[in-house]
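**Q** Sequence:
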Amino acid sequence: MNLIKVLSIKKWGLKFNTLAVRSILKLKYDTPSNILNQEAYNKLKLLTISNRLCELSERYIRAGLNNSVPLVLRLLEEYKAGFESRYIEYPTPLSFSSVQIYK
136 MNLIKVLSIK
146 KWGLKFNTLA
156 VRSILKLKYD
166 TPSNILNQEA
176 YNKLKLLTIS
186 NRLCELSERY
196 IRAGLNNSVP
206 LVLRLLEEYK
216 AGFESRYIEY
226 PTPLSFSSVQ
236 IYK
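Residue numbers are given in the working numbering: position 3 of the sequence shown equals residue 138, and the series is strictly consecutive.
What the hints contain is simulated information worked out from the structure, not anything from laboratory work. Check each hint, because a few of them may be wrong.
Computed Cβ-Cβ distance ranges for the label pairs, DEER-style [unchecked claim]:
1. Y164 - E212: 47 to 57 Å
2. L210 - L181: 27 to 37 Å
3. K215 - R187: 22 to 32 Å
4. I170 - E193: 22 to 32 Å
5. Q173 - E193: 14 to 24 Å
6. T183 - K163: 11 to 21 Å
7. A155 - R197: 24 to 34 Å
8. K215 - N177: 17 to 27 Å
9. R209 - Y164: 42 to 52 Å
Yeah, the Cβ is synthetic: ideal placement off N, Cα and C, and Gly gets one too.
Sequences are here, hints too, so could you generate the full structure?
**A** This is how it looks when you write it as structure tokens:
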């Protein structure tokens with residue numbers, strides 16, 4: 136890739152992943168991102184970055200709890216102690232793991 140192309144991609148805030156998916160699926164350049172993400176999931180089974188990060192953190196915490204990693208156990212205990220009296224409006228990876236494991 137030449138320097139001009141890289142600079143133009145950085146200037147417009149485009150991601151290589153998005154450009155590659157658009158090219159593979161033969162979508163128009165101005166296709167909205169929500170349609171792009173839906174098509175990428177339906178045809179290529181690609182998740183969005185936020186979904187991939189959430190799954191990765193859930194797997195990390197679950198593996199840490201299954202293997203009794205002291206640091207992860209301590210993290211979960213501190214998390215539970217800090218949020219016992221509060222209402223959590225949005226889900227977090229620790230809230231998913233603690234609900235699934237302690238039920």
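**Q** Now, for every hint given, state plainly whether the structure supports it.
**A** Hint check:
1. Y164 - E212: 47 to 57 Å: holds, 50 Å
2. L210 - L181: 27 to 37 Å: holds, 30 Å
3. K215 - R187: 22 to 32 Å: Taking Cβ atoms as reference, K215 and R187 lie about 26 Å apart, which means the hint holds.
4. I170 - E193: 22 to 32 Å: 27 Å Cβ-Cβ, so the 22 to 32 Å window holds.
5. Q173 - E193: 14 to 24 Å: holds, 22 Å
6. T183 - K163: 11 to 21 Å: Holds, since T183 and K163 (Cβ atoms, about 20 Å apart) stay within the stated range.
7. A155 - R197: 24 to 34 Å: Cβ of A155 to Cβ of R197: about 30 Å, so the range 24 to 34 Å holds.
8. K215 - N177: 17 to 27 Å: violated, 38 Å
9. R209 - Y164: 42 to 52 Å: With Cβ atoms ~49 Å apart, the hint holds.
Hint violations for this structure: number 8 only, all remaining hints satisfied.
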